[in-house]
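Please put together the full structure from these sequences, using the hints given.
Just so you know, the sequence shown maps onto residues 31 to 364 in my numbering.
FYI, nobody ran anything at the bench for these hints, they're computed from the structure.
Be a bit skeptical, because a hint or two may be false.
Here are the simulated lysine to aspartate or glutamate pairs, DMTMM-like style, with alpha carbons at most 25 angstroms apart [claimed, not checked]:
id	residue 1	residue 2
1	K192	E264
2	K217	E194
3	K331	E359
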Amino acid sequence: MDVSFLVQYGRVGRSIRSGIRMRLSTLPPGINYRVIGEPIMSAKFNEYGLSLFSSIKTLIRIFFDNISPLSGDVIHAFFWWYRRMGDNWILENDQSLSQFFRIYGNHGRVPQFISDFMYRKATVITWTNWARLGFIRDGFQEDRIHVINLPVWPQWINIDRKIENSVIFVGIDFYLKGGDTALGIFKELKERWGSKVKTTYIGSIPNEYKNGLRYVDEYYPPSPPSTVMRKIGESQVLILPSRWDAYGITALEAMMRGTAVVSSSAGGLPEVVGDAGIICRNNSCMLDAVEDLLMDTSMLKRQINNQLETLATRHNPERVAQSLSEVYESFIRR
31 MDVSFLVQYG RVGRSIRSGI RMRLSTLPPG INYRVIGEPI MSAKFNEYGL SLFSSIKTLI
91 RIFFDNISPL SGDVIHAFFW WYRRMGDNWI LENDQSLSQF FRIYGNHGRV PQFISDFMYR
151 KATVITWTNW ARLGFIRDGF QEDRIHVINL PVWPQWINID RKIENSVIFV GIDFYLKGGD
211 TALGIFKELK ERWGSKVKTT YIGSIPNEYK NGLRYVDEYY PPSPPSTVMR KIGESQVLIL
271 PSRWDAYGIT ALEAMMRGTA VVSSSAGGLP EVVGDAGIIC RNNSCMLDAV EDLLMDTSML
331 KRQINNQLET LATRHNPERV AQSLSEVYES FIRR
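Rendered as C-alpha cells:
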C-alpha cells in the first residue's frame, strides 16, 4: 500500500505539528509512504485563526494544493487542505469546519455545499468524540468518521525532576488559550503564597496585559517544542484555562512529563484529560485545584499516576496502529 501524507508545520520553527508527528510515529506494517509539506512561509503566516496573514496563506495554499502532483493508493491529509477531495482521500482533523468557525462567534452549521466542495466523500479520522459530533453536524456520513487516539510510546514518558510548588501555563493564542485567566490565577497564587510558589508563562502576551508579568517568575515567548517540554517537565502543575481547545496536545505532553493537568472544559479537553486530571468550569475551581495539588503531595502523586495509566491504555501505540490499519483496509476495499 502506498500512502502520501500531506502535513502542516507548527507556528514556532519549521517542525511538523506535534499531533501529526505523533500519528506518523505509529503506522501499520506494510506501508510505503511519503510526506509532502505545505509551502514554506514566515512563522507569522502560520496562525490558525482568521487574520490578514492567515487569509494570504490560505490563498497561497489553495493554489499550491491544486497544482501539487499527488499519487498513492491513499492520500492522508492532516488539518486543512483546499483541494477538492475525491474518494481516495483521508482527512485527519481535530475539529470540523463548523467547530472551527464557532471560535469566531458562528454557532450554526457550515453550509453543506462548503463541506461537499472541500471534502466531498473523504473518510475522516479525528481524535475525540466531540469532534466526531461536529463532523456529523456538518453533514458527514457517520460510517466515514473514525475516532483514533494519538499514540504515546513508553519511551516518550520522562518523569523529570520537579521544582517545588511550581505552576506553568503554555499557550500561543492569548485569548483562546486563556492567557488572561492564567495571569489572574498567577496573581492570586503570588498574593497567597508569595515566593513559595514558582510561576512560568510560555506564550504571547498583548501589551495591555504586560503588567501581569509581575506575577510571573519565568516568562518565555512562543518557544520551540524542546523548550516547552523541558519547562513543563520541571513544573508540578500545568493549567489550561482555554476558552477554546479542539484537542489539547499540551495536556498530553504534560501527562508524558509527569505533570498534573488542571484544565477547562472547552472543546475536546474533557476527553483528553478525562478522569485522570482535573476539569474545571470556572476560575475559582482551577485556583482551588492548583492549591490542593501543591499542598497535598499524595494527591499530586495519585493524579500523576492516573495520568500515566491513561496514556498506557487509551494511547497505546499497538492499539492505535491496529485501528489505523482497519481504516486503511476498509478504505482500500471501497
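Results of checking the hints against the structure:
1. Distance restraint check for K192 and E264: the Cα-Cα separation of roughly 5 angstroms lies within the 25 angstroms cut-off, and the hinted pair is therefore satisfied.
2. Only pairs whose Cα atoms come within 25 angstroms are accepted, and K217 paired with E194 is accepted, the gap being roughly 18 angstroms.
3. A C-alpha spacing of about 42 angstroms is found between K331 and E359, which places the hinted pair above 25 angstroms, so the restraint is violated.
In this structure, the one hint that does not hold is number 3.
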